[in-house]
Every structure is written in C-alpha cells, then in structure tokens.
Amino acid sequence: MDNEQTTDNEQATNYAIKLDIFEGPLDLLLYLIKKNEIDIYNIPIALVTEQYLEYLKMIKALNLDLAGEYLVMASTLIHIKSRMLLPPPEEPEEEEEDPRAELVRQLLEHKTFKEIATNLGSRPLLERDVFTRAAVLPDEVAESAGDEDVLIEVSVFELIEAFHRIVSQTDKKELMEIDLEKLSLTDIINEIMEKLTVTKNLNFEELLGGRKDRRRIIYTFLALLELIKLRMVKAYQTSNFGVIRIFPAVES
Amino acid sequence: MENVKAVIEALIFASDTPLMPEKISVILSEVEKTEIKEVLDNLVQEYDTRQGGIYLQEVAGGFQFRTRPELSQWVKKLKSTKPHSISPAAMETLAIVAYKQPIVKSEIESIRGVDVGAPLKGLLEKKLIRIVGRKDVPGKPIIYGTTKKFLEVFNLKDLLDLPNLRELKELNQQQDLLEQEIEEKEKIEEDIDL
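Chains as they are written, first to last, in this note's numbering: chain A, 1 to 252; chain B, 1 to 194.
The reader is advised that the hints may include incorrect statements.
[Unchecked claim] With a Cα cut of at most 20 Å, we get these calculated PhoX-like pairs of lysine-lysine:
(1) A:K234 / B:K127
(2) B:K100 / A:K229
(3) A:K229 / B:K23
(4) B:K126 / A:K234
(5) B:K126 / A:K229
(6) B:K5 / A:K234
(7) B:K127 / A:K200
(8) A:K111 / B:K100
(9) B:K77 / A:K229
[Unchecked claim] Simulated DEER-style distance windows between Cβ atoms:
(10) A:Y41 / B:K33: 44 to 52 Å
(11) B:A10 / A:K195: 34 to 42 Å
(12) A:E206 / B:I131: 19 to 27 Å
(13) A:A74 / B:E70: 41 to 49 Å
(14) A:L222 / B:P163: 23 to 31 Å
(15) A:L183 / B:E35: 53 to 61 Å
(16) B:F13 / A:H164: 51 to 59 Å
(17) A:M84 / B:V137: 31 to 39 Å
(18) A:M84 / B:E22: 58 to 66 Å
(19) B:K23 / A:E194: 24 to 32 Å
[As the list claims (entries may be wrong)] Covered by chain B, per the in silico footprint, the following chain A stretches (three or more residues, Cβ under 8 Å):
(20) 23–37
(21) 97–110
(22) 195–208
(23) 225–233
Keep in mind that the hints were calculated from the coordinates and are not lab data.
None of the values given here were measured: they were computed from a predicted structure.
C-beta: ideal position from N, C-alpha, C; glycine also.
For reference, chain B alone in the conformation it holds in the complex (with noise of 0.2 Å):
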C-alpha cells in the first residue's frame, strides 16, 4: 500500500480523541506495526517543517492534530469556551498527585503544610484527578491518581513525560543521601559517577 501516509492522516483527522497507533493497526491489519510507527514519526516531522497553523502531537498515549500555542490568541476568538481556570493552589495540588501518584489526602497536606480538601475537590471535578482506590491503613483513605484527561489538558504523551521527574528523582535521592551521610561513602561515589 502506497497511500499509507494519507490513509493514516486521515484518520488521525477524522478522530475525535487521540489517535492510538494500536487503533490504526487494527483499521490497517496488512501494514506492520512498525511501518505504522514510522509513519507516524514522518507526519509529525512533516507538520512541524511546515510550521502552519497545525501540528500532530504525541498525547495520552495518541496522535492528534492540535493549533499552535503561538495562535491562541486568535483561535481563542473563535471559541466561546472559558479557558481551564486552574488555581495555584489548584495546580500545587495537582504537580504533587502527578508526580506522586497513588497517593493520600494527608500525604499531600504534608507537602503543602495546608488543607488541600477545596482543590482535591475541584479537580475530580475538573475530572484531571480521580480515585484509583483506598489506603489499606486504618481510616482507609481516598488514594488519588491522574487521569487520562490530565494528560490530554497538559499535552503530554505519559506520565513519564512529565517534566522534571528526573530531577525530582535526583534531588529525593540526595536527601535520602543526607540522611544516611556517611554511612555508605561508596554509595555516594557512585551517584556521582552516574
């Protein structure tokens, strides 16, 4: 098949979510998954050479065709939609389930050094959070998550594309580091090295 590239174009246009490559090799069951892969790759070179008005984003774990960030002041016109309103309470919250994920009410308190019930609240509403289950401690508390929305909100492809979790990791590395100081010198050498 020849006409792959368009084939796939079209459907990453027609869909309303993001496109997951597994959907487009299920719709295309002669063309290899890596051929898929590939093409994919091309598109989304392809729109950013371009640099029009689009460009095809690799988002919650799909492809989609999304405007440029420089244009929103324009597309905005167009939309009658309120923009996402997120508070910075909101949005401390929310780094801190992100990143930390499963995790407890308490445990995000500790972080915060305040009640974090009015912002928990309004983003399961915002549905970018949600409940992934309960605590088996006593009290049994509410363990919250991400959702596949908070990726497709804050562009991302996966978790893992979060920003910064790297460093993040590091810096927790070397507090734990502090706290056993010199127990294990070598231990150290070796953080160094890497």
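Looking at chain A on its own, in the form it has when it is part of the complex (with noise of 0.2 Å):
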C-alpha cells in the first residue's frame, strides 16, 4: 500500500500539467485588476506589475508552458512603470498622454468582447437549444458523417507528388513545343472555381481539362496551392495515394 503511494506521488510531480488558465497576458492582467479591486481608469501599475510577475514566476514553477505574449506584457508592464518614475517635462510642449492610456484601451476593449462573447453563448443556439425540422445542417451531414471515414485531407506534399507524377506523365516531346498562349494565375483561379461550382469535385487532371502543356500544368498547380491557402477550396483523398478531389470549401 505505502509503497503504490509513493509511486502515485512520483508520478503527480513528474506530471507535467498543461492547462489554459488565462486566454493570455491581457485576461491574467484583468483578473488581478477584479482580485484586487481596481479602478480600470486608474491603475497603480506598480502593484499589479509585481503581482503579474509573481504569476509568471508560478505559471513557470508549475511547469506550464509560459507563451511570449506574457513576456511581451511584463515588459510592457515595465516600461510603462518606469515611465511613470520620470518626472514631467518642466514646459510641457504638447498635453502629456498618461503611459497607462494605451493599456487601459486595450484592456477595455478585451473586456468588453469578454462579455460580448460570454453573451453570444447564451443565446439560444442552433443544435444546442433550439432545432429545426431539417435535421443537421446540410453540409454538416457530408462533414460529420461522410468525409471523416472516406476522405482524408491532403498535405501540400501529396499534392507535389501528383504534380510531379503528371509533369513525368506527358509526352516528353509536347513539353518541348513553345505555347503562345498567354495565361494569368487570376483565370486559371477563376477557372477552377467555375468549374467547381458546376461540378462539386474534380481531380487535377480533370481540372486541367485535357490541356496537358507544362506551363498549364504549373499554372493550374500554383493556383491550387493558392486557393487551398485561402481556403477556398479543400484537397481530400479515399485513401493514401489515392486520386486527390478538390472541393469547393465554401458553398456560394
């Protein structure tokens, strides 16, 4: 018996704990500001400088990931301390604005979408307190039941290689020919999303349209790659290499 808990107490310390406790610097800042009582407007900077640094030495000593953005803050914190130190300019050319001015906008603003958001939340929701006759929503059905055990979603990598398979595919001997056709990454795009809104999924080779020349193959390619980061369109296959489909990711 002793001894099982001595291992459980092992492991507890060893664990590291990984745990959101503050959506950022600005939410631990407006925790402490609540904790203490603080007018917003009116914030003893050096006080809440030193309790958000002693947070940041807890949040570390509990071995939680410290992201830079709470850095960033302290120093913040810091310097706008620091500037507070200074006495004013003897002759003031121009009205002073108070180092905290920026901060408390900021922190103004987070709070107010705080609550914003917290209010969204409590409306009625749509699957979540209310429901219509149509079951799901309809493309959540293609989503959640579909998609998820047939299709998986491509890489930018697969899509290299079945780039690379079709350039090795065409005739050696068209590729030397020399096309005068004048082609602009914004048609092609524009082209792709046509085609798309007709039909609903297309592989590349369908999208290439029987035009296999080298620059339309790059072109359609580098077109691809800038609707997925967009995301105006979703790359899926049924298997590993397995025929690439591209999908509108939006319907219009």
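Need the complex rebuilt from these two chains, each delivered in its own frame; the hints are there to steer you.
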C-alpha cells in the first residue's frame, strides 16, 4: 500500500501539467484588476506589475507553457512603470498622454469582447438549444458522416507528388513545344472556381481539362496552392496514394 | 385569396432553410408584399401566444420554425448530433469578427492579446466565418467576416440584430471622446443629449 502511494506521488510531481488558466496576458491583467478591486482607469502600475510578475513565476514553477505574449506584456508593464517614475517635463509642449492610456484602452476593449462573447454564447444556439425540422444542417451531414471516414485531407506534399506524377506522365515531345497562349494565375483561379461550382468535386486531371502542356500544369498547380491557402477549396483523397479530389470549401 | 396565411405557414414548414419573404412573394405573386409581411408578423405572434413546442423565428433574413429553447433537454435526446462546441477562445474570436468585421487577423490579436490562428481555423471549418478578401496593405492580410450560417446558428435576424452593438458603439465613442478630451466641449454636450 505504502509503496503504491509513493509511486503515485512521484508520478504526480513528474507529470507536466498543461492548462490554459488564462486566455493570454490581457486576461491575467483583468483578473488581477478584479481581484484587487482596482479602478481600471487608475491602475496602480507598481502593484499590478509586481503581482503580474509573481504569477509568471508561479506559471513557470508549475511547468506550464509560458507563451511569449506574457513576457511582452511584462516588459510593457515595466516600461510603463519606469515612464511613470520620470518627472513630468517642465514645459510640456504637448499634452502628455498618461503612459497607461494605451493599456487601459486595450483592457477595456478586451473586457467588452469577453462580455460580448459570453452574451453570444448564452443565446439560444441552433443544435444546442433550438432545433429545426431539418435534422442536421446539410453541409454538416457531408462533413461529419461521410468525409471523416472516407476522405482524408491531403497535405501540400501529396499535392506536389501528384503534380510530379502528372508532369512525368506528359509526353516529352509535347513539353518541347513553345506555347504562345498567355496564361494568368487569376484566370486559372477563376476557371477552377467556375468548374467547381458546376461539378462539386474534381481531380487534378479534370481541372487541367485535357490541356497538358507544362505551363498549363504549373499554372493550375500554383492556382490550386493559392486557393488552398485562401481556404477557397479543400483537397481530399479516399486513401493514401489515392486520387486527390478538390472540393469547394464554402458553397456560394 | 383568403388562405394566404395557411399557404405561407405551409411554405415555411416545407422549406429546409429559413424562408425569405422575397421567395414567398415570388410564389404568391398576386399577394402584396406588405400583406405577406403582415401575415408573417401575425404567424410569429400566433405561435408566440400558443406557447407550444415550436415557435416561428426570423433568422438570417428568413423565417423558420424552431423548437423552444426551454425544451432542449428533451429534443436533444432525440437528436444524435453532437452539439456545437465552441471554446471560449473561439467564442471571443467569433465575437470580435462579428462586431468588427471586416477585420484582419492582427486586429483580432491586438484585442485578444494572444495568437488567434487556431480559433480562426476552427471557426472557418465550422463555417461560422469566411474569408471576405484581402486587405490592400503590405503582406495582403486575409480579411474575415461572418457567414449566413453564423446568423442561423446564433438565432439572429441580421448583423444589426447582434446584441449590444449600440452599447459597443457608444463605448467606442466615449473612448474617442476621452482621447480628444476637452477639445470640443460642445460635442460632449451633444452626446449627452443623445
């Protein structure tokens, strides 16, 4: 029994806890302001800075991931503190702004949106509080039931591989021909989106539409990469090394 | 036509998506638009006074029958779908996009104080937000906005139906005033009058 307990304790101390206690530095600051019942328009910067740094120490001691944003805020606080210690200029040329003003503005905005978010979340949400006659929203049926099992989202690497396969398949002779057709990426992007609105999904070869010259292939590939980056389309395949099919990301 | 109300009720019931009044007037071309509006208001009220299991909600520019929020615990048992799970981080990001759209990522981050890459991606996948375009500044950052599905999920008529928008605007105005301070005393007086 005793033995078991000690091992349990050991495990507990070795276990690295990873928790999002605060949603970033602004959240932590708001918490400190609330805890100390501070007037947000008149923040005692020395006190807050001290407590803030203490929390950072605690987070570190707990082995929590300390994001860089927390450190940026720490330096901002110290900077404000140092500015407030400086004597005001004897002849103020312009109305000196309170060094805390920018921070207060940020905190207020953050606070407002936290409240709004809670407010939004407490609305009667579809599929949580209210339901419609149509069981599930149509686009969700496709995503949750079908796509997850059958379709695997492909990475850029697989796309590149597919691209390579098509280039190597093309007739070498054809690659030597000089094509005078002027192509633009925008045109191809529009072409792809147009094709996708007609047919719900296409593979790369279908996108090429039979014109397999090198420029065409490269432009189509580049257009595809751009569209994926913009999240206008999604690429899926049914299995590893399967045919990659392109789907419109949002139905217009 | 005397059974206009019945026809409209049937149309709303049969529609898979919130039914737009414009669509109704295409189908009932001989009925005046103002009459359709009246009948719709009437129906909304009727379902409201009836206090039954369903109510008629104006959502995303159309009309749709929905089950009453108070009854969710029972209806949930019937449905096998997972409820919408939106994390606090995603909800805050969504709130910022909803109220400040069109907006770019860096602007959201300056409000939240943390990276919003992950919540943005999740919201895009849930189709609650969409890419509206790209801002014409160096780096061409992506501009985000909310979708029609956002309105449907959050039971909203349109974006103006968002709660607190006026309060938020007032807050912004107050901040602006703070910045300008005593620059224009008259302006403050005007605002108080409002």
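Tested hints:
no.: 1; hint: A:K234 / B:K127; result: holds, 13 Å
no.: 2; hint: B:K100 / A:K229; result: violated, 23 Å
no.: 3; hint: A:K229 / B:K23; result: violated, 36 Å
no.: 4; hint: B:K126 / A:K234; result: holds, 14 Å
no.: 5; hint: B:K126 / A:K229; result: holds, 17 Å
no.: 6; hint: B:K5 / A:K234; result: violated, 43 Å
no.: 7; hint: B:K127 / A:K200; result: holds, 17 Å
no.: 8; hint: A:K111 / B:K100; result: holds, 15 Å
no.: 9; hint: B:K77 / A:K229; result: violated, 39 Å
no.: 10; hint: A:Y41 / B:K33: 44 to 52 Å; result: holds, 51 Å
no.: 11; hint: B:A10 / A:K195: 34 to 42 Å; result: holds, 38 Å
no.: 12; hint: A:E206 / B:I131: 19 to 27 Å; result: holds, 25 Å
no.: 13; hint: A:A74 / B:E70: 41 to 49 Å; result: holds, 47 Å
no.: 14; hint: A:L222 / B:P163: 23 to 31 Å; result: violated, 44 Å
no.: 15; hint: A:L183 / B:E35: 53 to 61 Å; result: holds, 54 Å
no.: 16; hint: B:F13 / A:H164: 51 to 59 Å; result: holds, 54 Å
no.: 17; hint: A:M84 / B:V137: 31 to 39 Å; result: holds, 34 Å
no.: 18; hint: A:M84 / B:E22: 58 to 66 Å; result: holds, 59 Å
no.: 19; hint: B:K23 / A:E194: 24 to 32 Å; result: holds, 26 Å
no.: 20; hint: 23–37; result: holds (count 5)
no.: 21; hint: 97–110; result: holds (count 5)
no.: 22; hint: 195–208; result: violated (count 0)
no.: 23; hint: 225–233; result: holds (count 3)
Checked against the numbered hints given earlier, this structure breaks hints 2, 3, 6, 9, 14 and 22; the rest are met.
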